[in-house]
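J.: Chains as they are written, first to last, in our numbering: chain S, 1 to 327; chain Z, 1001 to 1198.
In short, the hints are calculated from the structure, not lab data. Small disclaimer: the values here were computed from a predicted structure and weren't measured. Glycine included, C-beta positions come from ideal geometry on N, C-alpha and C. All the pointers check out, no bait thrown in.
Which bits of chain S does chain Z cover? Going by a derived footprint, with three or more residues having C-beta under 8 Å, they are:
#1 199-209
#2 215-222
In the SDA-like style, the derived pairs of lysine to any residue whose C-alpha atoms are separated by at most 20 Å in a straight line are:
#3 S:291 - S:244
#4 Z:1106 - S:210
#5 Z:1151 - Z:1161
#6 S:291 - Z:1110
#7 Z:1182 - S:39
Here are a few chain Z residues that sit away from chain S, every Cβ distance over 12 Å (derived from the structure):
#8 1065
#9 1127
#10 1133
#11 1167
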Amino acid sequence: MNGYLVSEVVDPANPSRMTLQQGKQLSGFGEYRDDGGVVGGCWVYSGSFTEAGNMMARRDNSDPDGAGMYLNWTFAWPANRRIIYNRASCDLDGKPWDASRKLLEWDGAKWTGYDVPDISPTAKPRDVGPFILNAEGVGRLFARQLLRDGPFPSHYEPFESPVANLVAPKVRGNPVARVFEDDWKQLADIGSADFPYAATTYRLTEHFHYWTKNNHVNSVLQPESFVEISVELAEEKGIAKGDWVRVWSKRGGLFAKAVVTKRIKPMLCDGRIVHVVGVPIHWGFVGAARKGFPANVLTPFVGDANMETPEFKAFMVNIEASTGPVA
Amino acid sequence: MTPISRRGFLAGSAAAAAATSLEAFGFSEAEAAVAAAVKPFHLTNTTETRNTCTYCSVACGIIVYAKGDRRKGEKADIVHIEGDADHPTNRGTLCPKGAALRDIVKSETRLTQPMVRRPGSDRFEPISWDSALDKIARALKDDRDANFIEKNEAGITVNRWLTTGFLAASATTNETAYATYKVVRSTGILAFDNQARV
Ligand code: SF4
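Whole structure, please, built from the sequences with the hints as guidance.
T.: The following block contains the structure:
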């Protein structure tokens, strides 16, 4: 993973001097070459296991001036740098924007400070910008090709929503998000009376995704699937705390116990009260916890326009008091 | 002076303080009674191994305590896991998931051997590693031989295999992830995803 030299490297200025020796571990990715003289798996890990030993095993947690960099604690890729693009912490002339939280500083000849500079150590501040992977060295507002939407984030209602988008009422969801045709058909209409409640999914501190339902302690701490609703919605629907409820979307449904809280509050949307159903995600059919329905039987199959992160945080459901699942 | 870790220092000073105050008060009988009632500290003679919590990207430092010395041919067993007090990220603290890590190691539903669900069956059953790997290799090879695409319509070499997908694990080392990537990509598989997204 670190990379090593299959052939020696001689100093171009003085051919009798060998700068890097054959068979040695690379000390960093700067020693990578494209002439076949280096064997390495992945450049970012270069420097993690050098001739000085296993850099990842280092355990010196000293932190000069409380900068929080811990450069001698294990290894961070690339090049043991703790914050990438850290030149952005300084102004055009290389002065820290905030002297009390200095990472780097241009001392007139080179970059000094607490972190490994993410810029050539002698590159003059006005010559090289912080975002070294962009040719212009600065961040981009207009991203040609790389992002589907932009330049600025704009607000769209979720694909399933109790109200239409006020700014662009005919636009549903983000117009440049990719949605498959059959998944469109599984979305409830905007403001649908069949699915009047906004739902969201979330995690509990005591569980990690669907893993810790296999863990005895975590299953004792949070043993059973539930949905969380407001006092107002519980009253309206005749649901008492601890009752079984059925929650369903246009895609699927689940049974769970109701937790009635003041934490979840009805929202006022476009002059209308919209209730919220909270659905923690952690249950399934195996493990140490009680059996429960996975939350994603409810959620829609759409993602955000750029990264396609699923829209599991905002969708529409209905809810009713129930006697629980048929065993 | 030999360097002493913070944990070693605390353990030593607590024991010393307890002993001196008991003697000062003439509690030698009490001392014996306490010694008889106190359970031996369950982390003595354990091997400490540093690691990182397996769950979220906070990546808290942990110490895994194992009993049993494998160098002496004994079976090693994880008896305790706790936060690493030296670790800059968490300074010894853990959230309820990290604090319960021992029980994910000991989970009754943990897979300890390969399992197979045969065609038409509704349950998983154990299978040996050799048979499992043979079955997988056979299925992969047959499918790849039948469906591998060497060139596209334009005659450009593409070397892709679109009829098989691979789901890798997220809680692995960089080395495992690297080897997995190389193996899967070298076959031409394009549908390659990670369980972190599931
Ligand atoms: S202990 Fe909790 S916060 Fe820390 S890495 Fe593990 S899951 Fe994340």
